[in-house]
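With the hints as constraints, model all of the structure from the sequences given.
Chains as they are written, first to last, in this note's numbering: chain W, 1 to 312; chain F, 1 to 312; chain R, 1 to 312; chain B, 1 to 312.
Because the hints were derived from the structure by calculation, they are not lab data.
This one's a predicted model, so the numbers in the text were calculated from it and none came from an experiment.
Heads up, a few of these hints could be off.
As the list claims (entries may be wrong) - Computed spacing ranges between beta-carbons, pair by pair: (1) W:D7 to R:E224: 40 to 50 Å; (2) F:N147 to W:G283: 37 to 47 Å; (3) W:R78 to B:A110: 40 to 50 Å; (4) R:R177 to W:R177: 49 to 59 Å; (5) R:E284 to B:A178: 43 to 53 Å; (6) W:A178 to F:G151: 32 to 42 Å; (7) F:G17 to B:D218: 30 to 40 Å; (8) R:V114 to F:E150: 55 to 65 Å; (9) W:E4 to R:E224: 27 to 37 Å; (10) F:E138 to R:V114: 36 to 46 Å; (11) F:R103 to R:V114: 24 to 34 Å; (12) F:G151 to R:E25: 51 to 61 Å; (13) R:V114 to B:F221: 21 to 31 Å; (14) F:V114 to W:R78: 33 to 43 Å.
Claimed, not checked - Listed next, the in silico SDA-like pairs over lysine to any residue satisfying Cα-Cα at most 25 Å (straight line): (15) B:K53 to B:D83; (16) B:K53 to B:S311; (17) R:K53 to R:L198; (18) F:K53 to B:P16; (19) R:K53 to R:E224; (20) R:K53 to W:P16; (21) R:K53 to R:L309; (22) R:K53 to R:T247; (23) B:K53 to F:P16.
To be verified - Short, incomplete list of chain R residues facing chain F, as computed with Cβ under 7 Å: (24) D263; (25) L264; (26) G265; (27) Y291.
Yeah, the Cβ is synthetic: ideal placement off N, Cα and C, and Gly gets one too.
Protein chains: 4
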Amino acid sequence: MTVEYGDAVEQVRVRPGMTVGELVEELGRAGAYNAGALSSAADIYERMLRDEKAVRFFGLAGAMVPGGMGGIVADLIRRGHIDVLVSTGANLTHDIIEAIGCRHYHGSAAVSDVALREQEINRIHDIYLPNAAFVRFERFMQDVLSNLVEGSTVSICALLRLIGSRLDTGILAAAARAEIPVYCPAVQDSMLGLQYWLYSQTHRVVVDAFADMPGLLDRCFAAERTGALLVGGGVPKNYILQSMLMTGNGFDYAVQLTGDRPDLGGLSGATLDEARSWGKLTGEAQAVTVYGDATVTLPLLVAAVLERLASS
Amino acid sequence: MTVEYGDAVEQVRVRPGMTVGELVEELGRAGAYNAGALSSAADIYERMLRDEKAVRFFGLAGAMVPGGMGGIVADLIRRGHIDVLVSTGANLTHDIIEAIGCRHYHGSAAVSDVALREQEINRIHDIYLPNAAFVRFERFMQDVLSNLVEGSTVSICALLRLIGSRLDTGILAAAARAEIPVYCPAVQDSMLGLQYWLYSQTHRVVVDAFADMPGLLDRCFAAERTGALLVGGGVPKNYILQSMLMTGNGFDYAVQLTGDRPDLGGLSGATLDEARSWGKLTGEAQAVTVYGDATVTLPLLVAAVLERLASS
Amino acid sequence: MTVEYGDAVEQVRVRPGMTVGELVEELGRAGAYNAGALSSAADIYERMLRDEKAVRFFGLAGAMVPGGMGGIVADLIRRGHIDVLVSTGANLTHDIIEAIGCRHYHGSAAVSDVALREQEINRIHDIYLPNAAFVRFERFMQDVLSNLVEGSTVSICALLRLIGSRLDTGILAAAARAEIPVYCPAVQDSMLGLQYWLYSQTHRVVVDAFADMPGLLDRCFAAERTGALLVGGGVPKNYILQSMLMTGNGFDYAVQLTGDRPDLGGLSGATLDEARSWGKLTGEAQAVTVYGDATVTLPLLVAAVLERLASS
Amino acid sequence: MTVEYGDAVEQVRVRPGMTVGELVEELGRAGAYNAGALSSAADIYERMLRDEKAVRFFGLAGAMVPGGMGGIVADLIRRGHIDVLVSTGANLTHDIIEAIGCRHYHGSAAVSDVALREQEINRIHDIYLPNAAFVRFERFMQDVLSNLVEGSTVSICALLRLIGSRLDTGILAAAARAEIPVYCPAVQDSMLGLQYWLYSQTHRVVVDAFADMPGLLDRCFAAERTGALLVGGGVPKNYILQSMLMTGNGFDYAVQLTGDRPDLGGLSGATLDEARSWGKLTGEAQAVTVYGDATVTLPLLVAAVLERLASS
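Right under this line is the structure:
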């Protein structure tokens with residue numbers, strides 16, 4: 001067996017005023033480690049967005065909205081680059097919080113959490129969220145939920161669409177406008193879920209855990225090609241990847257931005273090659289993982305790819 | 001402000017034939033980094049298990065059952081050390097697979113996943129699971145689900161109890177015997193979920209996503225004290241920690257075994273101190289995080305604590 | 001104690017064609033996790049480069065030259081932004097290899113290393129270096145070393161200056177042109193070192209391990225202010241930080257780009273706050289750590305800061 | 001190509017009072033992720049220690065002595081299980097500090113480093129070292145160095161032997177008693193180095209950076225087989241692995257305990273397979289990496305292997 005190799009590594013040159021796209025080109029000419037992976041991710045994501053036959057999934061895990069990444073997701077929806085969004089409940093909770101006018105704040109991770117508790121500030125690493133936000137969140141949520149028809153059964157996706165239709169900015173609002181589905185299999189596991197529990201103390205509306213699955217799987221069966229941009233692992237990654245399992249056809253494009261690592265065995269850090277063994281990706285799928293903090297790699301990736309799309 | 005400090009570091013001595021408990025004692029005398037944290041975890045977990053007033057939660061994320069850690073969880077249930085279990089759907093899927101007589105196998109992470117796919121072997125890092133297991137899993141699951149009453153509504157916990165009652169070994173079987181609840185908020189996100197979808201193609205039974213929450217929250221409101229052993233992050237960690245939020249009382253004991261890191265902002269790697277700011281832990285809660293692979297730290301921790309419990 | 005907090009998190013917006021500096025501004029407005037840290041790093045590095053009284057150190061660890069980052073380092077030297085460089089021997093070895101006309105190549109980490117060995121290709125994660133490069137390296141190095149005066153004693157820095165003076169491109173060439181010192185305390189620990197051993201089989205020139213220290217420490221004593229950009233940890237980080245210890249004055253500016261983590265105790269992943277306890281940084285020093293792959297964060301940081309310097 | 005697979009995963013069972021060796025057996029029967037790797041490491045390290053023809057190297061990086069791991073290294077030397085030790089300067093500095101009667105203390109990583117600085121306490125993650133130790137260290141070191149012959153040239157190894165001969169406990173003392181060489185290529189990069197610099201202000205003794213290399217390489221050329229236990233990466237790992245390069249024969253056994261990760265490209269996190277491409281390991285070498293905190297994995301590994309050696 002002869003091992004083949006590619007282009008020579010070019011030493012990176014950076015210039016004042018270079019665009020993000022130009023920087024990612026430089027990273028690609030260097031082509032090593034996660035810089036090389038990021039450049040490959042841009043190539044694959046560009047092809048995925050240009051492929052009009054491809055259904056584009058987006059998986060959103062990690063504390064991305066408190067970290068300011070919700071703006072990118074909402075923009076991608078508005079630009080028509082996301083066909084199906086799967087999110088954790090927490091990201092949607094924080095999206096609603098911002099959309100109803102509350103804010104997250106720059107703080108510090110080196111702080112007394114007991115002092116924060118006394119001041120009613122919730123911490124997400126170095127981001128602070130005053131408790132007052134949850135008071136407004138409760139008012140908003142109970143108001144929205146009061147629109148549900150007593151005795152009815154709803155799907156999680158319909159519930160999220162209802163919420164989004166009541167908002168003007170953010171991810172859920174953009175998804176409602178664009179009429180794309182937002183799935184959140186573990187919706188109970190979030191402040192959203194706790195609000196629903198509160199509502200259900202005095203009302204009887206059933207949230208059918210599986211009601212969204214037929215629609216999702218129909219979409220998968222119908223898709224000519226499929227692609228996924230996975231930010232973080234968790235439920236969104238697994239739910240997206242497993243959705244193609246039943247069709248017998250894996251994903252054709254996949255980009256994963258994660259801070260996890262494969263040697264621990266968990267799905268969140270698993271390589272996309274591992275997903276090929278399960279048939280979640282096709283054998284020929286274009287796929288790459290970029291290891292690192294998605295608050296750095298996601299903006300880099302998206303800015304570079306939008307630049308490419310705009311310039312052609 | 002005067003910074004105080006503790007005992008002097010003792011250089012670790014290991015002896016042939018020493019017990020796991022003795023080793024963890026040595027790690028505690030060294031007291032540094034994750035060895036020190038593991039020793040603190042044993043102290044806290046011991047107190048939590050000895051505290052008869054404490055309700056003990058266990059969070060199970062990561063590919064722990066394929067990695068052989070299911071045996072420890074089932075044993076802890078049998079010994080009465082788990083009162084509430086929250087798991088990912090994947091761990092329960094693999095628990096069922098083992099309980100119906102299929103096996104996972106030692107493999108390698110350095111392998112062609114395309115070749116594995118051709119041989120119908122699914123890979124979980126360096127563990128292999130032949131596809132044939134899913135054929136038997138489907139038969140078992142469809143058989144179990146056929147017992148549901150057409151037109152009824154069930155909770156996820158009841159569904160898992162039903163499954164456990166049909167099994168003789170493993171986590172779900174032990175939980176059913178011990179009559180402890182198993183929660184799995186994102187059950188749709190697993191092979192279990194896909195089986196349910198398959199069943200729901202021809203049957204009409206609603207799985208009420210929120211049906212388990214009142215029982216869980218009642219338990220939390222009634223608890224005098226609460227403790228949690230969190231293996232991995234994800235939904236189980238968040239669902240357990242948020243469960244105490246509504247009561248206004250946080251957890252009193254918490255041990256977290258994780259391979260993640262805090263600087264990425266995500267909940268899976270977040271410190272337990274961060275949880276204090278939210279009120280998920282009390283200000284005085286005894287809590288520690290051990291960073292590392294839980295397939296190493298969980299057996300160490302449990303063996304050491306069982307040794308302490310047995311010797312007194 | 002009242003915890004204060006800063007600006008509100010702004011959701012990131014990316015635009016096609018935005019510059020790297022604009023992207024880093026956006027990351028700063030989001031301000032979370034490592035994106036926030038990167039933005040702070042740009043602020044600190046900008047101030048450090050604008051401070052004409054500051055001596056600027058650069059620490060170079062990790063396989064940065066094979067990964068294409070040598071071009072950035074050489075450019076920073078040429079622009080006058082590095083006053084003292086401390087490197088691993090490996091980075092300098094690979095710098096020489098590129099400077100004498102050999103190349104590293106894009107490869108794959110998923111490959112048979114035994115097959116690579118048979119083809120005489122050395123692997124650095126996903127980068128390949130054909131063995132032939134070391135043949136040319138040996139010829140070059142033996143030729144350079146033949147200029148040493150038999151029976152003399154040299155310092156490592158002088159040896160590296162001699163090598164740099166024989167090259168036209170790369171880090172050592174730029175450093176020799178700019179007449180800045182390059183320190184490499186563990187020079188024996190590299191192919192450079194093995195070449196010296198080969199030479200020493202038939203020649204007697206002593207490399208005085210400590211000859212560079214007085215010059216370095218004199219520089220530290222004379223400096224009004226000092227700053228450090230640390231890429232990776234290892235010997236370069238420690239050697240730079242300890243250099244200020246003897247002066248009783250710590251560094252005033254420090255930026256660390258590392259993929260390590262603090263909880264393991266090792267210096268490579270240690271926080272820069274820890275360095276304050278030792279007096280390696282002053283209590284008021286401006287300092288930040290960006291966790292992640294430096295092949296991504298270094299180009300981002302340098303491009304953003306050069307843009308700021310150019311625009312004012 | 002047919003992928004083969006091994007034994008079935010056994011679910012781990014832990015028992016009160018089980019020995020460390022029994023626990024590692026259980027981890028081996030589970031055989032997954034880093035638990036499986038640790039079990040393989042025990043197999044390989046056992047064979048390496050039983051192989052009387054093998055020269056056994058030990059690489060010591062990371063803050064292992066402050067973390068209490070020095071006791072294990074000294075014991076391994078006393079038991080005759082280390083033939084060549086390569087260490088960072090920091091570990092040897094802290095070994096001397098403990099050997100002259102100073103102590104490290106249990107502290108906290110969540111502390112004000114500015115307050116620590118004011119109290120003259122140096123922090124190593126959650127370990128504290130009062131500055132007073134360095135005062136005694138200076139007195140001891142200057143006293144030892146005063147024995148050097150003015151105008152002479154010494155090797156680093158000889159210098160360390162001299163120090164060890166003046167101590168009663170710890171690594172350097174054990175190495176001096178056992179007459180095994182201790183190499184420390186980057187000795188300048190440590191408090192040891194700063195003490196030497198202080199001494200050299202008024203004395204003229206040259207430390208020949210390369211004087212140790214012929215002895216080391218002769219040992220490598222003469223060895224029938226070689227093995228390495230690598231704790232952490234850095235200079236010790238690279239120096240050990242490169243030492244076999246010139247012989248044309250790689251290592252036959254290698255175990256690596258590291259908290260780093262391969263995707264960043266740096267040597268510290270590189271796989272041992274990568275080392276095969278360079279010829280640092282033979283193609284058939286038995287080798288495994290255990291990812292995690294070495295303060296947990298090193299005691300586990302050594303206790304398990306000593307138990308095996310004692311029981312046969």
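Each hint tested on the structure:
| no. | hint | result |
| --- | --- | --- |
| 1 | W:D7 to R:E224: 40 to 50 Å | holds (46 Å) |
| 2 | F:N147 to W:G283: 37 to 47 Å | holds (39 Å) |
| 3 | W:R78 to B:A110: 40 to 50 Å | holds (42 Å) |
| 4 | R:R177 to W:R177: 49 to 59 Å | holds (58 Å) |
| 5 | R:E284 to B:A178: 43 to 53 Å | holds (48 Å) |
| 6 | W:A178 to F:G151: 32 to 42 Å | holds (36 Å) |
| 7 | F:G17 to B:D218: 30 to 40 Å | holds (39 Å) |
| 8 | R:V114 to F:E150: 55 to 65 Å | holds (60 Å) |
| 9 | W:E4 to R:E224: 27 to 37 Å | violated (54 Å) |
| 10 | F:E138 to R:V114: 36 to 46 Å | holds (40 Å) |
| 11 | F:R103 to R:V114: 24 to 34 Å | holds (30 Å) |
| 12 | F:G151 to R:E25: 51 to 61 Å | holds (58 Å) |
| 13 | R:V114 to B:F221: 21 to 31 Å | holds (23 Å) |
| 14 | F:V114 to W:R78: 33 to 43 Å | holds (37 Å) |
| 15 | B:K53 to B:D83 | holds (12 Å) |
| 16 | B:K53 to B:S311 | holds (21 Å) |
| 17 | R:K53 to R:L198 | violated (43 Å) |
| 18 | F:K53 to B:P16 | holds (23 Å) |
| 19 | R:K53 to R:E224 | holds (6 Å) |
| 20 | R:K53 to W:P16 | holds (23 Å) |
| 21 | R:K53 to R:L309 | holds (17 Å) |
| 22 | R:K53 to R:T247 | holds (17 Å) |
| 23 | B:K53 to F:P16 | holds (23 Å) |
| 24 | D263 | holds (5 Å) |
| 25 | L264 | holds (6 Å) |
| 26 | G265 | holds (4 Å) |
| 27 | Y291 | holds (5 Å) |
Hints 9 and 17 from the earlier list are contradicted by this structure; the remaining hints agree with it.
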